[in-house]
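Undergrad: If you want the building blocks of each chain, they are given just below.
Number of protein chains: 2
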Amino acid sequence: MGEASYLWSMVFSSTLLENAVNEFSKLPGIGKKTALRLVLHLVKQNSSDVLQFSDTISRMHNEIKFCTRCHNISDKELCNICSNLQRKQDMLCVVENIRDVIAIESTQQYNGIYHVLGGIISPLDGIGPEQLKIDALLQRVEKEEVKEIIFALNPNIQGDTTIYYISRKMKAFPVRITTIARGIAFGGELEYADEMTLAKSISNRIPVENYIVSGQ
Amino acid sequence: MGEASYLWSMVFSSTLLENAVNEFSKLPGIGKKTALRLVLHLVKQNSSDVLQFSDTISRMHNEIKFCTRCHNISDKELCNICSNLQRKQDMLCVVENIRDVIAIESTQQYNGIYHVLGGIISPLDGIGPEQLKIDALLQRVEKEEVKEIIFALNPNIQGDTTIYYISRKMKAFPVRITTIARGIAFGGELEYADEMTLAKSISNRIPVENYIVSGQ
Numbered sequence: 089m090g091e092a093s094y095l096w097s098m099v100f101s102s103t104l105l106e107n108a109v110n111e112f113s114k115l116p117g118i119g120k121k122t123a124l125r126l127v128l129h130l131v132k133q134n135s136s137d138v139l140q141f142s143d144t145i146s147r148m149h150n151e152i153k154f155c156t157r158c159h160n161i162s163d164k165e166l167c168n169i170c171s172n173l174q175r176k177q178d179m180l181c182v183v184e185n186i187r188d189v190i191a192i193e194s195t196q197q198y199n200g201i202y203h204v205l206g207g208i209i210s211p212l213d214g215i216g217p218e219q220l221k222i223d224a225l226l227q228r229v230e231k232e233e234v235k236e237i238i239f240a241l242n243p244n245i246q247g248d249t250t251i252y253y254i255s256r257k258m259k260a261f262p263v264r265i266t267t268i269a270r271g272i273a274f275g276g277e278l279e280y281a282d283e284m285t286l287a288k289s290i291s292n293r294i295p296v297e298n299y300i301v302s303g304q
Numbered sequence: 089m090g091e092a093s094y095l096w097s098m099v100f101s102s103t104l105l106e107n108a109v110n111e112f113s114k115l116p117g118i119g120k121k122t123a124l125r126l127v128l129h130l131v132k133q134n135s136s137d138v139l140q141f142s143d144t145i146s147r148m149h150n151e152i153k154f155c156t157r158c159h160n161i162s163d164k165e166l167c168n169i170c171s172n173l174q175r176k177q178d179m180l181c182v183v184e185n186i187r188d189v190i191a192i193e194s195t196q197q198y199n200g201i202y203h204v205l206g207g208i209i210s211p212l213d214g215i216g217p218e219q220l221k222i223d224a225l226l227q228r229v230e231k232e233e234v235k236e237i238i239f240a241l242n243p244n245i246q247g248d249t250t251i252y253y254i255s256r257k258m259k260a261f262p263v264r265i266t267t268i269a270r271g272i273a274f275g276g277e278l279e280y281a282d283e284m285t286l287a288k289s290i291s292n293r294i295p296v297e298n299y300i301v302s303g304q
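In order, the protein sequences belong to chains A and B.
To convert, count from 1 in the first sequence and add 88; that's the working numbering.
To convert, count from 1 in the second sequence and add 88; that's the working numbering.
Keep in mind that the hints are not guaranteed to be accurate.
Unchecked claim - 30 angstroms max Cα-Cα, derived DSS-like pairs, lysine-lysine:
| # | chain 1 | residue 1 | chain 2 | residue 2 |
| --- | --- | --- | --- | --- |
| 1 | A | K235 | A | K176 |
| 2 | A | K114 | B | K114 |
| 3 | A | K164 | B | K153 |
| 4 | B | K153 | A | K120 |
In case anyone wonders, no lab produced these hints; they're calculated from the structure.
With these hints in hand, go ahead and build the complete structure from the sequences.
TA: What follows is the structure, given as structure tokens:
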């Protein structure tokens, strides 16, 4: 947002205002100037709206849970997705985090359930398999008689490492293991695609009759 | 922030999460995706930090006041700037809003006091002199025996109209009326300056000896 707050420090005539700006600027991607804009917006709102804002945030933090089965964020012990028996209970989509669940749910195209790893294997960041919900995934695959695991991880080295590690551990189980397709994004242009993506999109080419049936 | 939230709606597995995201996305310039990022950041913080965040906001809104003299935001009846007797009490800087006070204070170059108009005259937006703290300014000039009024309004038609309107009303008082200099910004380039700014910077040229004394 082009903030020059590192060049000068803001001088406030009100400690209450300054404290509120400081709280907002602790949030990721929010600098002092943006924080001030947000706080001055709240100053102009009526009391009930501001009370609702602060109450909703603190209530969310106090009451929110993580689903004991898939580790998605949830209001109850079991999240809405896991407890929905309309969804295929033997198809697990393995994702890195909660944002990915929301992204996939928003497509309204997936009818299975999830497993949130809470990260991906990244030795350089000190994240190994034991920091992630991988053991819990293996237990689920065994106990819940899962038929298919779909990896929906970001296409990079850490993602591929995580897929490789988990799929080796799964060898003992009769489960189909797939990954979301990598290729040229819809609306993307061939000439700007990197070589890796383009190469994979050719080697993993699909018959046109499948494409027309599944593609919308 | 390149948000495509108008194209798709987010599907949440948690109402608590959804409510918190909705509250954040009511703030100006915060879309759904940014709101989600902020809320998920708060989810990861410990309870005392989140409590401090929500308490600081609601306390700020409940307790904040506007200075009865200059209409700046304040913790008390009279703001820190007005009640600081080290500052020149007979020099008023007239600004549009609180953000402008903070910007000028942050330069640490101004040693007078302020008067916050709460907007500028803009007939197209339905804002006339009676919606602004102009009468209060005239009363201050009379009662407080003000020696100089410095207009620090944004350089545009509304700003100039406001200056013209107020300075006409001031004719009866023995007060010096000035406006902040308009010209080429420090670090700016002549060839990219608009004609108006460049023309004003030439007609309002200053002797080099003054420039060297006052410029840093």
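Undergrad: Take the hints in turn and mark each one as holding or not.
TA: Here is how each hint holds up against the structure:
no.: 1; hint: K235/A <-> K176/A; result: holds, 10 angstroms
no.: 2; hint: K114/A <-> K114/B; result: holds, 19 angstroms
no.: 3; hint: K164/A <-> K153/B; result: violated, 41 angstroms
no.: 4; hint: K153/B <-> K120/A; result: holds, 21 angstroms
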